[in-house]
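Be aware that the sequence shown starts at 1, since it is given in this note's numbering, and climbs by one per residue.
These aren't lab readings, by the way, just hints derived from the structure by calculation. From a predicted model like this one, the values you see are computed outputs, not experimental measurements. Don't be surprised by glycine CBs; every beta carbon is placed ideally from N, CA and C. It is possible that some hints are incorrect.
Straight-line alpha carbon distances no greater than 20 Å define the calculated DMTMM-like cross-link-like pairs of lysine to aspartate or glutamate that follow [stated by the list, open to error]:
no., residue 1, residue 2
1, K26, D622
2, K621, D692
3, K26, E718
4, K674, D692
5, K312, D363
6, K621, E461
7, K442, E504
8, K292, D47
9, K309, E359
10, K178, D577
11, K471, E445
12, K350, E408
13, K582, D517
14, K646, E403
15, K26, D736
Distance ranges between label pairs, derived from CB positions [said to hold, decoys possible]:
no., residue 1, residue 2, range
16, K288, C67, 24 to 32 Å
17, S426, P1072, 50 to 58 Å
18, Q172, S449, 22 to 30 Å
19, E834, H708, 14 to 22 Å
20, V745, D49, 56 to 64 Å
21, S179, T512, 20 to 28 Å
22, D2, G338, 30 to 38 Å
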Amino acid sequence: MDDQKQLLLFAFPVPCNEDHLIDRIKEASSARNQHGAVSTAALANIDADSIVQLAVGPNHVAFLFRCGRVARLKYTLTTANREENTSDDKTTSGTSGGGGSGNGSGSGPATGGSSGSSTGTVLSRGAKIRRVMMAARRTAGALGERAGVIVDRSRPLVPLSAIPEDLIAQAQVVLQGKSREVIVRELQRTNLNVNEAVNNLLSRDDEEGDEMDEGSEAYLPEELLSLLDAGLRSDSHGSAVIDGDNLYASGEGFDYVVARDIARRRVDKDKKSDKAKEFSSETYTRLKYDEKLQYWGKEMDMFPTGVTKFVKIAAMSSELIALGDNGFFYSWSWKNDGHGSMTAHPFGTKLLVGASDEEKFIDVVSCAYRACVVTNMNRVASFMDGEACGMKISNMLLTPLMEIPDGEKYASLYTCPMYCVIRTQSNICYWWGIYPFNERRKLWERMRSKSRRSSNLASPEVVEGCEVRTKSHPIYTTGSIALNFSSGTPMVGALMESAWTLSELCRFRVMTPAQHDETSDDDGSCLNSSAHQSADKKGSLNQYGKRPREEQKGNTYREAAWALNEVIFIHKETSQDTAIVKIVDGAYCGIMYRPVVANDSEAVSCSQDACDLGKLRLMRKDDLVVVTANSRIPRCPENFQKHMQKIQLPSGISMKKMHSFTIDNTGLRLLVEKRGRLHLVRVSVFGKIQSDHVLPVNASAVCNAGSHLPRLENYGDEMIMMISDSNGSIIPMVRDAAGGFREPVYCALPKVHNFAVGLRPLDSGNENASGAVNDDSSSTSRNANRTGVIVTLIAPSPSSTRPRIPSLLQTVLYCDLQGVDLVLDALSKESDREVAKAEILNARTDGNRTILHAAVMNSFATTNKEEADTMDISVDAENKSLPRLTVSDMSAAEETRAAFDSRWQRMLRRHGANAEEEMLIRELMANNPLRRPGHDVGNMEDVLADFARSLKDVKKSSVFIEDMKEEASMPIIVNANNEPKVRQCNSIEIVKTLCYSSTVAPYLFELLTTRDINGHTPFMCAVNYRAYTAAYILWLAAEELQKEAQIASVQGKRQSADAILNSIIYPVGSRPDDSPLFMLCMNDTCSFTWTGDEHINQVLMNNFFNQKIYLNVERVD
1 MDDQKQLLLF AFPVPCNEDH LIDRIKEASS ARNQHGAVST AALANIDADS IVQLAVGPNH
61 VAFLFRCGRV ARLKYTLTTA NREENTSDDK TTSGTSGGGG SGNGSGSGPA TGGSSGSSTG
121 TVLSRGAKIR RVMMAARRTA GALGERAGVI VDRSRPLVPL SAIPEDLIAQ AQVVLQGKSR
181 EVIVRELQRT NLNVNEAVNN LLSRDDEEGD EMDEGSEAYL PEELLSLLDA GLRSDSHGSA
241 VIDGDNLYAS GEGFDYVVAR DIARRRVDKD KKSDKAKEFS SETYTRLKYD EKLQYWGKEM
301 DMFPTGVTKF VKIAAMSSEL IALGDNGFFY SWSWKNDGHG SMTAHPFGTK LLVGASDEEK
361 FIDVVSCAYR ACVVTNMNRV ASFMDGEACG MKISNMLLTP LMEIPDGEKY ASLYTCPMYC
421 VIRTQSNICY WWGIYPFNER RKLWERMRSK SRRSSNLASP EVVEGCEVRT KSHPIYTTGS
481 IALNFSSGTP MVGALMESAW TLSELCRFRV MTPAQHDETS DDDGSCLNSS AHQSADKKGS
541 LNQYGKRPRE EQKGNTYREA AWALNEVIFI HKETSQDTAI VKIVDGAYCG IMYRPVVAND
601 SEAVSCSQDA CDLGKLRLMR KDDLVVVTAN SRIPRCPENF QKHMQKIQLP SGISMKKMHS
661 FTIDNTGLRL LVEKRGRLHL VRVSVFGKIQ SDHVLPVNAS AVCNAGSHLP RLENYGDEMI
721 MMISDSNGSI IPMVRDAAGG FREPVYCALP KVHNFAVGLR PLDSGNENAS GAVNDDSSST
781 SRNANRTGVI VTLIAPSPSS TRPRIPSLLQ TVLYCDLQGV DLVLDALSKE SDREVAKAEI
841 LNARTDGNRT ILHAAVMNSF ATTNKEEADT MDISVDAENK SLPRLTVSDM SAAEETRAAF
901 DSRWQRMLRR HGANAEEEML IRELMANNPL RRPGHDVGNM EDVLADFARS LKDVKKSSVF
961 IEDMKEEASM PIIVNANNEP KVRQCNSIEI VKTLCYSSTV APYLFELLTT RDINGHTPFM
1021 CAVNYRAYTA AYILWLAAEE LQKEAQIASV QGKRQSADAI LNSIIYPVGS RPDDSPLFML
1081 CMNDTCSFTW TGDEHINQVL MNNFFNQKIY LNVERVD
């Protein structure tokens, strides 16, 4: 039997609904547990314990092995269409998870069919047209009788080059929020009539205006009204605005024009809708791994010069970073199909310039676009991804090596695209980098408030010769350069209009970082920041006072509207906002602005023109302020923190109780324990609490159940958040409606040996797509601009690729009853008791769930259709003591199956069998209907009857099992079940087997009292999920332990019997809502008349609790 190791990869759009990732994980685990693990061919001969670290890039998964080697495995996400008839089937989603033999398949986001046109939209549009027509009526004699005017339909629109910028600016002042394209289009329609264009846009929505543009040959109703306003006729009877007889010779009126336009668009949309409805395009993503690993060097054991092994790896957007034991780090480009670099990283070499020869790098962490390093001399530095962000920006944002203040010693590093944080051994945090937007805004408001107070208190009088500046001035002027991370990939933009507030939406000329690297300072078409070019543009007006169309040289760049809270200005266009007062006349004064002086010759020319009255500007004195030492403040907020700044954490957050923290572009995320409850706290870099949410989890189950330390993981992205608990399992955090977090969802995954989080561009998976769908009706979020990637290595038996004993937990998840019996028997014969303890007691699924929890979670059905738990628990068994069965206790119905399996097991034992024959035999066993573990019955009426089997039947059935277990060399093969009823029946049998197995007996009490992430013991979990037969079995097992405790207490040993029973049924410290009686009452609230197939029968447990749980009423109440 192999180790059932599997490499799962989950791709999900970011940002999107958090349930998307949960669905992907659940579907992947369901496929694994119902159809078996699909091994990855490249990792088939590598045990999981030899893999120390994982990292994931856009197209590769990187591995750091214990021996110091680094390798990567290429994966391909191919998006394709699966056509289904929409009338019969519903849109479904699959998993983005693992592959077998190097090939894996799964599915990601699903897309439904496209929607057709809305009748309600057309009707509302028609009603609006009629309202516009009625509003245009005039009283008799107001304008006199005028003849109708017909404008030719072929009238050309005003070209874009002929639209003056000042008209667009005038419209933008009034139409805040309207895009430039909409304003330009409306100015074209109205023949450059600004007032009419503004009124039209204010009277209708942009979406409706865009919708009307679909029919390029049809007139818009608003345009018809504007063109025909000179031909309006009016009479004393209030007739219609447009005379149909005079307008059209054929008698066609205005309604016909509108109806024809609407009908044309409706026909076009109906055609598209009908075509889409014929087949719904459901997209699914196939995951495929390469067959072999690609190692760093040309040979497996080849390392760069001076490196004997790599000690850590980190993934960035364009390259893999590996830290060697020689103190240098190296890179391996994801796009490079060859091998890793044999020379040190250029940024690493640059950072160590001027440093001593003994100074070496000892740690490196990274996110998508920034990496942070620390040296053995207790100095830290950071650098950007040169390929993704461009070399110009990377050199600009490079922070050199800095010593940690106050003599603190390094403990850990954290990084996000905007800044870095270092945590010292004394739990003090320092940060440096780019200010988050909220802190940037607060600093700016504080600075402006201070400036206003100083100007109001002591403002000098404006006199001739003094230096003044205007009170109001744009924060950022045209030509300033900004960097934007919010679009999924870093983009550079040049501001095309002045920004007056930090909440504005401004136009930028956008280019990629690579295009920005190619620009030069004297290229006027690019992101040039020279002040003299701005002056040239201001003076380049034609004879009509209009700005001519700019002829762009070289590359052309698109324009986009960016919110200022999403960008970081890395260059601020210099503008001379100070002037010298030349003339003062009452409330007015004449000022002359100082030009930007580039050299001494220009300074001389400026002094000579100082008395040129043509350059004077007349302004009110109230609009000016005298420049003094106190009032000379920056015109824009500070963006960069170049030195380490201490983060003063709130006094209420004790560093001793802070289990982990991570950072993103908005602040710090802290996992803090307060009064026995876990909190996820967001703190700014100034140390202010921004939010504090209580996590609905059991603190001990997350932090103290395993050997690992819990940690937060988000890869520096504010839209991703997950917790790795003390067992190594991942817990994706999902928001609730109130802004907090929901209870974690059970995913039924065994131990996660390693995992990594990464990002990839949104369109990277569509390169090899066959018929990829780009439809607005896709289930992928329309706002998604990047793809999150999570890779997990599932390894139930990490120590060996061919374990002698399969994982008991994985066998329970397979719902393989016979496999559980065989594994328990093998564990009973194991000489090393630590092996048995690890498999029985320490094994955990996600959420700190034991093997009993895992069996209980498969012991109930979600619908009545799949319900197999129909046993009616009789209260007559109250005084009947059921015997504890051993592992050899099997029902008579399993005799034939056991004998049949033994024959196949003996065939597998033959040493001469080749691999192909072995695989064929295993496939035959997997498809053998007699191989299904458990009873092949339709109900569970005989489940508890198996406890009271006669000794004759026990001995008779055990003959076959013992005969099958005689030879220790026979391998144990476990199979997965995929039929819901069989899985439920087998799971209930597994609960019974585990409770009454002699191998499990030494650990039974700990298993029954272990609480999962929700704070539930196995019994509480069974009641909560309506697994009432399993709950009854667990109750009987608890009674047996109580009786043993009563006997032991008489002899003065162990704890009291009531305390044992209470710790299993309802432990001290549990929430009131987790009371079994309360959960039972809450479960029995449905009626079959309206739940139908969803109804779950509750009578069996009600009768049982009425008789059995009265002993615990006082505690539960």
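Hint by hint, here is what the structure shows:
In summary, the hint linking K26 to D622 is not supported, as the alpha carbons are separated by about 67 Å, beyond the 20 Å threshold. Our distance criterion of 20 Å between C-alpha atoms is broken by K621 and D692, whose separation comes to about 49 Å. Restraint check for K26 and E718: not satisfied, since their Cα atoms lie roughly 23 Å apart, outside the 20 Å limit. A C-alpha spacing of about 11 Å is found between K674 and D692, which places the hinted pair at or below 20 Å, so the restraint holds.
Using a Cα cut-off of 20 Å, the hinted pair K312 and D363 holds, with the two alpha carbons roughly 8 Å apart. For the hint linking K621 to E461, the alpha-carbon distance of about 9 Å falls within 20 Å, and the restraint holds. Distance check on the hinted pair: K442 and E504 sit about 16 Å apart at the alpha-carbon level, within 20 Å; holds. With a C-alpha separation of about 15 Å, the suggested pairing of K292 with D47 holds against the 20 Å cut-off.
A distance of roughly 19 Å separates the Cα atoms of K309 and E359; the hinted pair therefore holds under the 20 Å criterion. Straight-line distance between C-alpha atoms of K178 and D577 comes to about 29 Å, which puts the hinted pair past the 20 Å bound. Note on K471 and E445: the hinted pairing holds, with a Cα-Cα distance of about 15 Å set against a maximum of 20 Å. A threshold of 20 Å between alpha carbons decides the hint, and for K350 with E408 the separation of about 25 Å lies outside it, so the pair is violated.
In summary, the hint linking K582 to D517 is not supported, as the alpha carbons are separated by about 44 Å, beyond the 20 Å threshold. About 13 Å separates the Cα atoms of K646 and E403, which keeps this hinted pair within 20 Å; it holds. Of the supplied pair hints, the one linking K26 and D736 holds, its CA atoms being roughly 19 Å apart against a limit of 20 Å. Between K288 and C67, the C-beta spacing of about 27 Å keeps the proposed range 24 to 32 Å intact.
Look at S426 against P1072: about 41 Å separates their beta carbons, and that is not inside 50 to 58 Å. Between Q172 and S449 the CB atoms are about 29 Å apart, so this pair conforms to the stated range of 22 to 30 Å. In this structure the hint that E834 and H708 lie 14 to 22 Å apart at CB holds, the actual value being about 19 Å. At roughly 29 Å, the beta-carbon separation of V745 and D49 lies outside the given 56 to 64 Å, and the hint is violated.
The hinted window of 20 to 28 Å between S179 and T512 holds, with their beta carbons roughly 22 Å apart. The hinted range of 30 to 38 Å is satisfied by D2 and G338, whose Cβ atoms lie roughly 32 Å apart.
Of the numbered hints given earlier, the model fails hints 1, 2, 3, 10, 12, 13, 17, 20; all others are met.
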